[in-house]
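K.L.:
Listed here are the chains, written in short residue letters.
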Amino acid sequence: MTHDARPLNVQEIDVFTDTREVLAHANKGAKQRGFQDWLICDVDAHHVETVSWHELVEYIEDPVIRHQAMLYQKERIGGAPYGLNGDMGLKYQDVGGRIPHQAGVREPVDDTSVHRDVTLTRRAMQSLGVDYMVLFPTPMLTLGLHPQPEMEVHLSRAYNRWLVDKVLKADNRIKTLAYLPFNTPTEAEAMIEEFADEPGVIGFCVPSVRHKPLHHNDYMRCYARLQELGKPIAFHAAYHWQDPSLATVNRFLGMHALGFAWCNMVHMTNWILNGIPERFPGLKSIWVESGLAWIPFLMQRLDDQYLMRPSEAPQLKKLPSEYMRENCWYTTQPMETTNMKALQVTLEMINAESQLLFASDWPHFDFDLPQEIFDLPFLSEQAKRNILGLNAAKLFGLDPTPVKTL
Amino acid sequence: MTEFRIGPADQIPEGGRLVVDCDGKEVGVFRVKGALHAWHNTCPHRQGPICQGRLYAQVIEPVAADGTTRLLAYDEDAQHIVCPWHGYEFDLQTGRCQGRPTQRLRPAQLREEAGIVYVRP
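Here the protein sequences come in this chain order: A and B.
Following our numbering, the numbering of the first sequence begins with 1 at its first residue and continues without gaps.
Following our numbering, the numbering of the second sequence begins with 1 at its first residue and continues without gaps.
Simulated from the structure, these hints should not be mistaken for lab results.
No experiment lies behind these values; they were computed from the predicted model shown.
Don't take every hint at face value.
Said to hold, decoys possible - Not the full set, but computed from the structure, chain B residues with beta-carbon under 10 Å of chain A:
hint	residue
1	Phe4
2	Asp21
3	Glu26
4	Val27
5	Arg31
6	Val32
7	Thr42
8	Arg46
9	Gln52
10	Glu76
11	Gln79
12	Trp85
13	Cys97
To be verified - DSSO-like cross-link-like pairs, simulated, lysine-lysine; straight-line CA separation at most 30 Å:
hint	chain 1	residue 1	chain 2	residue 2
14	A	Lys212	A	Lys74
15	B	Lys25	A	Lys31
16	A	Lys284	A	Lys28
17	A	Lys394	A	Lys31
18	A	Lys318	A	Lys28
19	A	Lys28	A	Lys394
20	A	Lys404	B	Lys33
21	A	Lys341	A	Lys318
22	B	Lys25	A	Lys28
For glycine and all other residues, C-beta sits at the position ideal for the given N, C-alpha and C.
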């Protein structure tokens, strides 16, 4: 018997291909696995906020800076977005055009009733089978290195206000962890007060590439307030090629592999050894986008060293690894899977059944799908359900009933 | 097993492709060095739409006799298809994954008769 084959609408995926076409196989996989009945929370996904920078600068509080920024966005050519630091053209994530969705999500969007980012996020949620998606910015993740601390405050407050106004209010399935400008602790405290009750704000985020240590006394009021509010604090990793510790690394893949883990390894070391979990036992910290393989290494390393030098970490009442397992939460992506035995041990060491949160990191080049968790052969169904959504529902106080329609 | 008619062989030129749906199974047919190759449109990494990815010649880095390197180059003899989801690269002729040759694309049976191409997915 011979039938005619039907050519696919999209022969070659590019930056203009609809997200639903790019992720068509993901949607099929979600349906095959019965995800309609599973709560799936994606705790780390992104949009490219600089596409909307001309809108965002209108939310800058300072009237002079706002005026400058609006004129800059209107008139200047050949420059980066107003006020934004970063690494300009060193953005090789798309591997020379091989991974188009990383280079740009430039597909047509006809619906003008909501912001374009709402539509794009809905398309991603629909395709991946996600109930709730936590949205983070992208280029702003290096604002912690800005030479003007006040600019981190201006831009992060403008971003938070713009995001609530244009995106979060439009769809209660889209959430965020609002940006805290941690180089100015009093402003970070003010940001907590301003946004804690805003729709869609389920916690707060500190981008991890920065040089001020998280254990500085200036931050204790922030931690106390977040503990009081029951709002988690996330440390979202990024790469920072100008970091002197990476100065000899010439390949993007090497820099990216190390940089995204390194910033959180340093912060976690300080977090634990300075006894932050002892001082704020109810404070929930989430360690985002560093993958998982770094955690067993750091647990063992810190445990071994701590037992030989306990006088240097006098606040600790148990092993560093125990704090990392009991007081910290982790997002899955980019989940290292080339050695499944190592992954299994990792998940056991971090008590993944209660501490691990699924994250896709869509639309970045190393994004993960919910089925990566579903297909793991060594987890119970309850553990999979917890990781994919129930742990996040508990942590953020979300209704655990699935709300999506696949 | 049902056979599916892809169409005239000459509609797939050198370096070209046709990705089709065969009652729910997707297959990509490619022409490389004159020959047709058919692969399932499922990346063995994470089931991404491998056949809808971009084509690149394999990147190499020639090493001089003294052990130094200077420029990258394309090896035009080795045509790769790159998964648009995560960048996994596969040789279009052998289906082997760069860096992990045991991981391969799944072939689809292909035949050509009277200038018409057929596949059995």
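K.L.:
Now tell me if each hint is right for this structure.
P.N.:
Going through the hints against the structure:
| no. | hint | verdict |
| --- | --- | --- |
| 1 | Phe4 | 4 Å, holds |
| 2 | Asp21 | 5 Å, holds |
| 3 | Glu26 | 7 Å, holds |
| 4 | Val27 | 7 Å, holds |
| 5 | Arg31 | 14 Å, violated |
| 6 | Val32 | 16 Å, violated |
| 7 | Thr42 | 7 Å, holds |
| 8 | Arg46 | 6 Å, holds |
| 9 | Gln52 | 5 Å, holds |
| 10 | Glu76 | 16 Å, violated |
| 11 | Gln79 | 14 Å, violated |
| 12 | Trp85 | 7 Å, holds |
| 13 | Cys97 | 12 Å, violated |
| 14 | A:Lys212 - A:Lys74 | 34 Å, violated |
| 15 | B:Lys25 - A:Lys31 | 16 Å, holds |
| 16 | A:Lys284 - A:Lys28 | 35 Å, violated |
| 17 | A:Lys394 - A:Lys31 | 25 Å, holds |
| 18 | A:Lys318 - A:Lys28 | 46 Å, violated |
| 19 | A:Lys28 - A:Lys394 | 28 Å, holds |
| 20 | A:Lys404 - B:Lys33 | 47 Å, violated |
| 21 | A:Lys341 - A:Lys318 | 27 Å, holds |
| 22 | B:Lys25 - A:Lys28 | 12 Å, holds |
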